[in-house]
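Make the full structure from the sequences, and use the hints.
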Amino acid sequence: MTPQDELGWIDKIRGGDQAPFEQLYARYSQRTFNLCYRFTRDRHEAEDQLQEIFIRVLDKLDAFRGESSFATWFYRLATNHLLNFKARRGNRPDAGLDAMPEAGVPGADVPLALALERAVAQLSEGYRHVFILHDQEGFTHEEIADILGIEPATSRSQLTRARLRLRECLASHIATSKEQVA
Amino acid sequence: MNEDLIELLSRSLDEKLSPADQARLDEALAQSAELRALAEEMTLLVRLAPTPVPPAPAPGPRLRARLAAQTRPSRRWHWGLALAAAAALVLALWPRTQAPAAPAFDPAWENARLNAAEVRQRYHQDVAHMEQLAILKLAELPPEQARRYAAQWAGLDRMMRFCERRADAVDAVALQGLAQVFAARVQLYDAILAS
Numbered sequence: 001m002t003p004q005d006e007l008g009w010i011d012k013i014r015g016g017d018q019a020p021f022e023q024l025y026a027r028y029s030q031r032t033f034n035l036c037y038r039f040t041r042d043r044h045e046a047e048d049q050l051q052e053i054f055i056r057v058l059d060k061l062d063a064f065r066g067e068s069s070f071a072t073w074f075y076r077l078a079t080n081h082l083l084n085f086k087a088r089r090g091n092r093p094d095a096g097l098d099a100m101p102e103a104g105v106p107g108a109d110v111p112l113a114l115a116l117e118r119a120v121a122q123l124s125e126g127y128r129h130v131f132i133l134h135d136q137e138g139f140t141h142e143e144i145a146d147i148l149g150i151e152p153a154t155s156r157s158q159l160t161r162a163r164l165r166l167r168e169c170l171a172s173h174i175a176t177s178k179e180q181v182a
Numbered sequence: 001m002n003e004d005l006i007e008l009l010s011r012s013l014d015e016k017l018s019p020a021d022q023a024r025l026d027e028a029l030a031q032s033a034e035l036r037a038l039a040e041e042m043t044l045l046v047r048l049a050p051t052p053v054p055p056a057p058a059p060g061p062r063l064r065a066r067l068a069a070q071t072r073p074s075r076r077w078h079w080g081l082a083l084a085a086a087a088a089l090v091l092a093l094w095p096r097t098q099a100p101a102a103p104a105f106d107p108a109w110e111n112a113r114l115n116a117a118e119v120r121q122r123y124h125q126d127v128a129h130m131e132q133l134a135i136l137k138l139a140e141l142p143p144e145q146a147r148r149y150a151a152q153w154a155g156l157d158r159m160m161r162f163c164e165r166r167a168d169a170v171d172a173v174a175l176q177g178l179a180q181v182f183a184a185r186v187q188l189y190d191a192i193l194a195s
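First to last, the protein sequences are chains B and D. Here my numbering is used: position 123 in the first sequence is 123, and no number is missing along the way. Here my numbering is used: position 52 in the second sequence is 52, and no number is missing along the way.
Think of the hints as simulated: they come from the structure by calculation, not from any bench. The C-beta atom is built at its ideal place from N, Cα and C for all residues, glycine as well. Among the clues, some could well be false.
[As the list claims (entries may be wrong)] Derived list of chain D stretches under chain B, where covered just means 3 residues or more per stretch with a C-beta under 8 Å from a C-beta of chain B:
hint: 1; segment: 38 to 49
hint: 2; segment: 53 to 61
[What the hints assert, rightly or not] Derived list of chain B stretches under chain D, where covered just means 3 residues or more per stretch with a C-beta under 8 Å from a C-beta of chain D:
hint: 3; segment: 27 to 40
hint: 4; segment: 65 to 79
hint: 5; segment: 160 to 173
Okay, structure coming up:
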């Protein structure tokens, strides 16, 4: 699947063809849902925001000029939407881990996963966003720079600081994990 | 790698560095190795502890309605467009208490759900025999002591029901909680049987 294929889909969706939208949804929904879930930390809110993001994408599709890749444009729009949502929500606390009635990943180290989630939740906003996008969702620094509107160097330095903070918080877990792997 | 470090490295190949520059180069390289080690630690951590994100749901009714409104039909379909817009409006105003769209079927998720059910069944089987003995023993104990144990037992039952309801959603925390409640029940049965 090439960027040209995606541009073809987008033209068809603009023209009112629904079938390519299904392909677009299949391609982008899971990674976007991951972002929604990690930003809101609540399944129901994440589901709502995923739908809102796709509605917003349809609203703004005519504004996509192909100056950046569609993926970058899409995730920039999704991330901005989530940051605005969090800003609108104001000081209302996150639902938190206790309100995350979700499955464990079979074979995962559950106590470590919970400790990591708690430590990530305690990071300051900038560090947390970069850590989520880079280490948990696999975006590059250049993509993160485009998505968040920052310099790639800023993304790198925030990631390093986030990692150092997490290393402090999770020192005992990291030592145990290293022993397990060794 | 920053330009300063590149410049120091180039100079170290062409000429002998001053002790101060050599120290800076060593520190920069050590920091670079340190950063690599840090990145490896985080990769390991994220791999061992993936966040349990559920599968993305299928497009919901509001999104479907918006998509329907995206179509640019010929004049004879204007009625359809009007209906879609009306449906979008109704759905937008519909109370949020409606049941959410069923998530797309995901075999891995289903497997996790079945595993969770199996774990719970195993716990129940493990404690069933002890539970019967504890009930018999409770009837033999002095009333005050039996009442105290019964109150503890009822509390554990309530906690277990709460965890089981949440474990239906294959909740990792609830499953852990369930394991702790079962451990506490075994301790309680031990205490009753040893009385």
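Against the structure, the hints come out as follows:
no.	hint	in the structure
1	38 to 49	holds (count 10)
2	53 to 61	holds (count 7)
3	27 to 40	holds (count 7)
4	65 to 79	violated (count 0)
5	160 to 173	holds (count 7)
In terms of the numbered hints stated before, the structure departs from hint 4 and from no other.
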